[in-house]
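As they're listed, the protein sequences go chains A and B. Under our numbering, the letters of the first sequence match residues 1 to 101, in that order. Under our numbering, the letters of the second sequence match residues 1 to 197, in that order.
Just so you know, these hints were derived from the structure itself, not from any lab. Do not take every clue at face value.
Sample of chain B residues with no beta-carbon within 12 Å of chain A, all distances over it, derived [said to hold, decoys possible]:
#1 D11
#2 R101
#3 G111
Short, incomplete list of chain A residues facing chain B, as computed with Cβ under 8 Å [what the hints assert, rightly or not]:
#4 G5
#5 A6
#6 V14
#7 A20
#8 M32
#9 V36
#10 E37
#11 V43
#12 R52
#13 D55
#14 D56
#15 L78
#16 I80
Computed from a predicted model, the values in this text were never measured in an experiment. Note that CB positions come from ideal geometry on N, CA and C, so glycine has one too.
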Amino acid sequence: MSVPGAWYLSVAAVLFTIGAVGLLVRRNVLIMFMCVELMLNAVNLTFITFARMLDDVGGQSIVFFVMVVAAAEVVVGLGIIVAIYRRRVGATADDLHILKG
Amino acid sequence: MLLAAATKPADWTVFVIASVIVLAGGLGVVSARHPVHSALFLVQTLFGVAVLFVEEAAQFLFAVQVIVYAGAIVVLFLFVIMLLGVGRPRERIVDVLKAQRPVALLIGVLGLAEFFGLINASVWATGTKSSAGQLTGPGSNVEKLGRSLFSTYLLAFEVTSALLVIAVVASVVLVRRPHAAADDEAREADAELERAG
């Protein structure tokens, strides 16, 4: 019998909160992106915990798909960041208000 | 339920150490001034999460986590940081929205409190057990995951391959030089200047 799932879910919730607050607080686009990765990892951890608690392989399959989508997202997101940095030197989130009406 | 007496001390030790690594790494990502330091703290968090995966009997996903996340994705991050030369921290001192940081912290704490409050009033996990197939029982974790992926989730698996191709093509299109003609003009101007000088 390993550690009860409740503990894993609590750790995942705290990690998700750290990621969400970081996303809102930081201005560097790259660090904001890393915070999104933190949130994705927290959700993966909950999926795996629920898979163990409910004895269901579906949870682990979903984590597999989340990882694939996260990899694709990182590739496209970093491509966008590189394209933005090409056009302007400093690119904090505050500099990128071109879309503002 | 929270303190199951049957849990082995070794499990608790691994869990506590891995959790401390994960949460410290997460705080490091958020608080580090330098983007490279953030990326290294991200590696720490990802490894900690991988250890928690092993603790929860997800051996295959542990390997994927280490190879894909800690291996490929963080290297990609570091590569972009080096490529763009964002080594110098360039965070703005002036806040455009003055109240945003405190409000963000407040929202985070409130969200966490709400989660634990809700959990206090209900149960951690409900629902049908093993609806997509059993996780425990005879056979390895990789085998069960493979059977699930290639039978129940076959369509999603195939769509995933299309998604990866789209992502690769999209990144190539995005990072391609937007104005090849403008680059040529600039190069010609440089050549003319050299000829004149």
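Now the hints, each set against the structure:
Non-interface call for D11/B relative to chain A: violated, since the shortest CB-CB distance, roughly 5 Å, does not exceed 12 Å. For R101/B, the non-interface assignment is contradicted: its Cβ lies about 5 Å from the closest Cβ of chain A, within the 12 Å cut-off. The beta carbon of G111/B is not kept farther than 12 Å from every beta carbon of chain A, the shortest such distance being approximately 6 Å. Restraint check, G5/A versus chain B: the minimum CB separation of about 6 Å is within 8 Å; hint holds.
Checking A6/A against chain B: minimum C-beta separation of about 5 Å stays under 8 Å; hint holds. The beta carbon of V14/A is positioned within 8 Å of a beta carbon in chain B (closest approach about 6 Å), and the interface hint is therefore held. For A20/A, the interface hint holds, the least distance from its beta-carbon to any beta-carbon of chain B being 6 Å, beneath 8 Å. Hint status for M32/A: violated, given a least beta-carbon distance of 10 Å to chain B, over 8 Å.
At its closest, the beta carbon of V36/A sits 11 Å from a beta carbon of chain B; the interface hint therefore is violated under the 8 Å criterion. With its C-beta approaching chain B no nearer than about 6 Å, E37/A sits inside the 8 Å limit, and its interface hint holds. Hint on V43/A is violated. Least Cβ distance to chain B is approximately 11 Å, over the 8 Å limit. Taking 8 Å as the C-beta cut-off, the interface hint given for R52/A holds, the closest approach to chain B being about 5 Å.
Because the smallest distance between the Cβ of D55/A and any Cβ of chain B comes to about 5 Å, under 8 Å, the interface hint for this residue holds. A least Cβ separation of about 5 Å between D56/A and chain B falls short of the 8 Å threshold, and the interface hint therefore holds. For L78/A, the interface hint holds, since its Cβ comes within 8 Å of a Cβ in chain B; the closest pair sits about 5 Å apart. Annotation: interface hint on I80/A holds; nearest CB of chain B at approximately 6 Å, less than 8 Å.
In terms of the numbered hints stated before, the structure departs from hints 1, 2, 3, 8, 9, 11, listed from lowest to highest.
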